[in-house]
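Each chain is listed here by its residues.
Protein chains: 2
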Amino acid sequence: MASVKPIPILKDELDIVIPTIRNLDFLEMWRPFFEQYHLIIVQDGDPSKTIKVPEGFDYELYNRNDINRILGPKSSCISFKDSACRCFGYMVSKKKYIYTIDDDCFVAKDPSGKEINALQQHIKNLLSPSTPFFFNTLYDPYTEGADFVRGYPFSLREGAPTAVSHGLWLNIPDYDAPTQLVKPLERNTRYVDAVLTIPKGTLFPMCGMNLAFNRELIGPAMYFGLMGDGQPIGRYDDMWAGWCVKVICDHLGYGVKTGLPYIWHSKASNPFVNLKKEYNGIFWQEEAIPFFQSVVLPKECTTVQKCYIELSKQVKEKLGKVDPYFNKLGDAMVTWIEAWDDLNPTGSNSEKIPNGPITK
Amino acid sequence: MASVKPIPILKDELDIVIPTIRNLDFLEMWRPFFEQYHLIIVQDGDPSKTIKVPEGFDYELYNRNDINRILGPKSSCISFKDSACRCFGYMVSKKKYIYTIDDDCFVAKDPSGKEINALQQHIKNLLSPSTPFFFNTLYDPYTEGADFVRGYPFSLREGAPTAVSHGLWLNIPDYDAPTQLVKPLERNTRYVDAVLTIPKGTLFPMCGMNLAFNRELIGPAMYFGLMGDGQPIGRYDDMWAGWCVKVICDHLGYGVKTGLPYIWHSKASNPFVNLKKEYNGIFWQEEAIPFFQSVVLPKECTTVQKCYIELSKQVKEKLGKVDPYFNKLGDAMVTWIEAWDDLNPTGSNSEKIPNGPITK
Chain B
1 MASVKPIPIL KDELDIVIPT IRNLDFLEMW RPFFEQYHLI IVQDGDPSKT
51 IKVPEGFDYE LYNRNDINRI LGPKSSCISF KDSACRCFGY MVSKKKYIYT
101 IDDDCFVAKD PSGKEINALQ QHIKNLLSPS TPFFFNTLYD PYTEGADFVR
151 GYPFSLREGA PTAVSHGLWL NIPDYDAPTQ LVKPLERNTR YVDAVLTIPK
201 GTLFPMCGMN LAFNRELIGP AMYFGLMGDG QPIGRYDDMW AGWCVKVICD
251 HLGYGVKTGL PYIWHSKASN PFVNLKKEYN GIFWQEEAIP FFQSVVLPKE
301 CTTVQKCYIE LSKQVKEKLG KVDPYFNKLG DAMVTWIEAW DDLNPTGSNS
351 EKIPNGPITK
Chain H
1 MASVKPIPIL KDELDIVIPT IRNLDFLEMW RPFFEQYHLI IVQDGDPSKT
51 IKVPEGFDYE LYNRNDINRI LGPKSSCISF KDSACRCFGY MVSKKKYIYT
101 IDDDCFVAKD PSGKEINALQ QHIKNLLSPS TPFFFNTLYD PYTEGADFVR
151 GYPFSLREGA PTAVSHGLWL NIPDYDAPTQ LVKPLERNTR YVDAVLTIPK
201 GTLFPMCGMN LAFNRELIGP AMYFGLMGDG QPIGRYDDMW AGWCVKVICD
251 HLGYGVKTGL PYIWHSKASN PFVNLKKEYN GIFWQEEAIP FFQSVVLPKE
301 CTTVQKCYIE LSKQVKEKLG KVDPYFNKLG DAMVTWIEAW DDLNPTGSNS
351 EKIPNGPITK
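As given, the protein sequences belong to chains B and H, one line each in that order. So for the first sequence, the UniProt record's numbering puts the first residue at 1; every next one is plus one. So for the second sequence, the UniProt record's numbering puts the first residue at 1; every next one is plus one.
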């Protein structure tokens, strides 16, 4: 029987990527908003475990065995026992847009009590331009009821293509372990009704919990690094991607937005476990962030891939001194691009991947 | 009879500067919030006209004759028939903080219907640090219920001293004449519950309608330029100040915040009159903004005055080509600093000015 529901925007141009280790009951709450989209589920941990997906969703699911089979030796660039594995989903998608969400994120309500269609807001953000070159004090000038304020240069009012839409979280804020430990009871209750462009030249802490991006514009830079099993660091996967993505967006003239939409983040992760994962990152970011703040990509870097390979060289050269981990990471960045290009041959974006996954 | 009202914060350390051409009836609405502060009223236009100030306010008032008497030949740097004259008030103040507000701005209400004490929010903004070196996705990390998010470098969590607090406007947005003409009915109804730091290296359109700053940190850069009578430009006074202030704050390591508080902007100015004032600015800003985006101040510029004099040289050198107006403006910038230093001799900040104004 044909569905009589209205077709949602970008239905056939967007994949929802979900990394998980458990049954996806959380999707029940998202049913009205996600049901007509295609899901890519990246199963982390034990591949013999069966992940239950609620009835009626259209999905493909990859476990570690699938990743190893599809990527072969290059599967070494995909993290294991860490939600960083989600970036495999970005790689196998053939769509123009990606939305990724954690399985402990639920539908939030706006101050009027209305349930927020997070995906729809992300799509709005991605389909309208960004303003990275000058700050607009009334925030997103492309939204209804707003515009550029007096003194905003007219030559910049066309904006820049939007590559990333970074959404926020009500309830449990995305704090690091030390802050979690110090403020165990803090909840985010402040609904800030704004979307804004992070200015060119400014880095930000990109959280992977509620994130959308234009895969065609920036996909190959959305690598979530080497985290988790066998690595000296965790919980920096999205941060790493954010630093790389922002530097490359700045270089290529793309915009990165943050703000709306909110999701409801249900449960704080264990701060003691988090501290163990994070402590190297807390230390290393003091070197990594100044590095990314001063990175210069040469003019010849005209594609995301070229930018990313150049960045991998500079990472090894400049951060290799901080810890040998960064040499390994620099190599993995190259492997990631090779794997990306294998699965996404130029000019045939719709080509099927060599070894198909379990598809429902 | 002694007042039994509680003493408001910074009562003796802040002046409220109001430029006006009319009776200040608008103060009635602000009485609960302003009554205990000292006002500096800068009367624009015909000095023979008497400006009525509601009973009970503590104020000093300067008209053009006062400005001419106090500054002598240096009064040429203070604009006439333009609200840019307000910067004279910054110069004669002896306080650490300034709040300036237009006389068509009323008390706004927050979404719960509560009247917003704009001055109190500005003071909060000025007394807490800024975060110009890295973006915090949950906005002001120093506000109640918020903090730095995961991935924010710990070395940057002390922040930077806040020099400027730029407040916003509900109802009539601060649009340029072309936007006013195109969208005559647009009203700003979006209450964005956030204060954020404008990142280092990013310029913004600073509006003088609802603005507070730390005079000790940045006062000498708050020059509102040559506008109005006898000048080829108007409505760029605050923009000019904003560009200069931001570049100098970035150089000296100070922060600039924007967002809360809102005021209620009651009446749109005439877009046809505005267009006449603005058209040169609309044209010139396309050159001026790239100039300010690329300005480099040498290390030797360790005070606001030194920065400002250096900036005046670069303005003449780089923007003088755009229009001879910028040579005149560059000279006026120097005169402004000379006048500032005359009235604010180093080490005697509390010294009385030579020729007193009309004081109530």
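No lab work stands behind these hints, which were simulated from the structure alone. Accuracy of the hints is not assured; some may be wrong.
Claimed, not checked - Straight-line distance between alpha carbons at most 30 angstroms, and here's what the computed DSSO-like set of lysine-lysine pairs gives:
1. K81/H x K183/H
2. K109/H x K109/B
3. K114/H x K114/B
Stated by the list, open to error - Which chain B residues face chain H? A few, computed with CB under 8 angstroms, are given here:
4. V53
5. A160
6. P184
7. E186
8. R235
9. Q285
10. L319
11. V322
12. P324
Claimed, not checked - Stretch by stretch, here's where chain H covers chain B in the computed footprint (C-beta under 8 angstroms, at least three residues):
13. 138 to 152
14. 325 to 337
Ideal Cβ positions, reconstructed from N, Cα and C, are used throughout, including at glycine.
Out of the numbered hints, which ones does the structure contradict?
4, 5, 6, 10, 11, 12 and 14
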